[in-house]
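A.B. asks: From just these sequences and the hints, can you work out the full model?
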Amino acid sequence: MSSRDDDKARVKDASPIERVIGDVLALKPKGRELVGLCPFHEDRRPSMNVIPSKQIFHCFVCQSGGDVFTFVQKYHNMEFREALEYLAERANITLTPWKPERGSAPLSPGQSTRPDILRASATANDYFRKILQHPQHGALARAVIAKRGLTDWAVEEFSLGASADRWDGLEVAARAANLDLAHFLNAGLFKKRENGDGLYDTFRARLMFPIQDKTGRVVAFGARAIKEGDEPKYLNSPETPIFNKSATLYALPQSRQTIQKTKRVVVVEGYMDVIACHQAGVRNVVATLGTALTREHARELRLIADEVVLLFDGDDAGQRAADRAFDVFFHESIDVSIATLAAVTDAKDPDELLKREGGKATLERAIANSTPLLEYHYNRLRSKLKGAGPAAVERAIREDLQRLSQLGLETAEPTRRQLIIQRLNQITGLDAGSILAAMPRGRRAAASEEPDPQSSTLARLAGGTLSAAEVAIGCALNRGELWSEAKPNHIQALLQIEYRAQVSRELADKADLVTVRGDHPSLREVLDELTTEEARSAAVTLSERIGKECAHDAARLARMWADALARVVADVGIRDHPPPGDDPLAILVARAKARGTAGADVRRIPRPQ
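The opening position of the sequence shown corresponds to residue 0 in numbering that gives the first Met the number 0, with each subsequent residue numbered one higher.
Some clues are possibly wrong.
[To be verified] Quick list of in silico lysine-lysine cross-link-like pairs, DSS-like style, CA-CA up to 27 Å:
(1) K226 to K29
(2) K213 to K260
(3) K29 to K73
(4) K244 to K213
(5) K226 to K73
(6) K191 to K27
(7) K260 to K191
(8) K359 to K383
(9) K7 to K213
(10) K146 to K213
(11) K262 to K244
(12) K129 to K262
(13) K547 to K73
(14) K73 to K244
(15) K244 to K190
(16) K547 to K27
(17) K129 to K27
Keep in mind that the hints were calculated from the coordinates and are not lab data.
C.D. replies: Structure (structure tokens):
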């Protein structure tokens, strides 16, 4: 076993899939499995199964599936090496030092990989934290921290730092460590000088707030001016291959445990508001990064909570936010409510409120008295209609119906659709039939001219007609011994037959590769060999389908295998009994050599008993 394979096996054994997925998604027991909302499609009812006994996940709607590496790669948008390092760190496992594979294309000058940018961001974070403690360069930032009442705990919990009041502070540190400056440039930490000669630090004389992704890795920075007159007051990193502002929430790693416990998340407007809340013991609070809430934010929040409270400073801000949130959360299966500080205090924001006597209790009262989003929206419509003339009433109703239509009321969940129609009936006096008749047709997304071949293949493997060879592969994935103990000429038939889908051919090839290496090609072993998301999803989909069709009964599975194999052999025309001169070991050796996997180590080839 190579050091890479050994690392992968050790990390996989130390990373139970139910715990890894449970860290980021709300899972509920269902028999011997766990279920949750699938993060890989617009899931409104839990459709993703996590199966601890097999260490796999599988969505029966979009057919996404695989092992713990597949999930981490897909959910966190990581390459395999990133996923391996993330899980290794999580399990406190030291990996074998990694070198790029021979023949891998070198990067062009100035290019950076995702891991390169992540390392540059982590290095910068360490530098900023050291600058904060520097007697001279960190003095201004420490003064701001003291003035805002932040404790040592808060500084440590949120890894606050400072950038020096100079143009080349981080650059000098990076050069001294002999680091590639291109990675810092591509991370948004440096900028090119206008004359094209050299670089300079993006952040200077600022209090630094590291922005972390869902796994807690630093991917960007927010920076607050600490010198009077410096503009803008807040400055964020630009978007990079590792940072998408519209999909990132500040303090999600620090809040996740409390959110999962309370099933509620509170969204505020700024970094200091978040930190003040956490410091006061309100630990389920996050913030957007200077942007309005997006569909990406909404999808992230519904995966970990049952309720979202949008906490805004004033009534005007709350009304604008409610309008935006109504659109963003319209199709999401999560309860959303609006809370405004102006309803309970004259404090301008949570940070100011929490410095006052009884501030925490007042904040909690504002959250507890939040108004459900749907009610908030229609209270505003009712206010518009109050005292308005017939023309104004008609116009307001028509505008609201137009908006609902564009949002897709026709395709909304039946319960939500009924609630909206009932509320409109109460406000306008129109019956349900009149409301529906007055509603314009919603704009439907144009159907794709070319169906996605990957999704259509997975859909067929999940519920369409399978070939005999695909049935046989599914049987082997449930019980690898069926393949490894089969007659060599039968396996030859499975390798020679024409497959409807390339991914099915890949599953057959990998199953045989596992056998040639001396193992049984069950699902776990085959997943370890597959390198594409489609192939892993196909393997899990096929395994789950065949397992259910035979009710996970070993005898029925064996009969299904024998029947499918007989049809494959007949289709290919291979003789059921090889001639006397065909040595089974020779056939295996030939297959191994053809794959280039045997090498000089003949112990990797199973010998006949």
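A.B. asks: Now tell me if each hint is right for this structure.
C.D. replies: Right, here's what the structure says about each hint:
Distance restraint check for K226 and K29: the Cα-Cα separation of roughly 56 Å exceeds the 27 Å cut-off, and the hinted pair is therefore not satisfied. Distance restraint check for K213 and K260: the Cα-Cα separation of roughly 17 Å lies within the 27 Å cut-off, and the hinted pair is therefore satisfied. For the proposed pair K29 and K73, the alpha carbon gap of about 24 Å is at most 27 Å, so the pair holds. Taking the CA atoms of K244 and K213, the gap is about 13 Å. The hint holds against a cut of 27 Å.
Among the hinted pairs, K226 with K73 is inconsistent with the structure: their alpha-carbon atoms are about 42 Å apart, more than 27 Å. The straight-line distance between the Cα atoms of K191 and K27 is roughly 50 Å, outside the 27 Å bound, and the hint therefore fails. For a cut-off of 27 Å, the pair hint linking K260 to K191 is broken: about 46 Å separates their Cα positions. Taking the CA atoms of K359 and K383, the gap is about 34 Å. The hint is violated against a cut of 27 Å.
Proposed proximity of K7 and K213 is supported: the alpha carbons are some 22 Å apart, at most 27 Å. Only pairs whose Cα atoms come within 27 Å are accepted, and K146 paired with K213 is rejected, the gap being roughly 30 Å. Pair hint K262 plus K244 holds up; C-alpha atoms about 24 Å apart against a cutoff of 27 Å. A C-alpha spacing of about 36 Å is found between K129 and K262, which places the hinted pair above 27 Å, so the restraint is violated.
With a CA separation close to 26 Å, the supplied pair K547 and K73 stays within the 27 Å bound. Restraint check: the Cα-Cα separation between K73 and K244 comes to about 19 Å, which is no more than 27 Å; the hinted pair holds. In summary, the hint linking K244 to K190 is supported, as the alpha carbons are separated by about 19 Å, within the 27 Å threshold. Taken as a hint, the K547 and K27 pair is honoured in the structure, with Cα atoms around 21 Å apart against an allowance of 27 Å.
For the hint pairing K129 with K27, the CA-to-CA distance comes to about 43 Å; that exceeds 27 Å, so the pair is violated.
Of the numbered hints stated above, those contradicted by the structure are hints 1, 5, 6, 7, 8, 10, 12 and 17, listed in ascending order.
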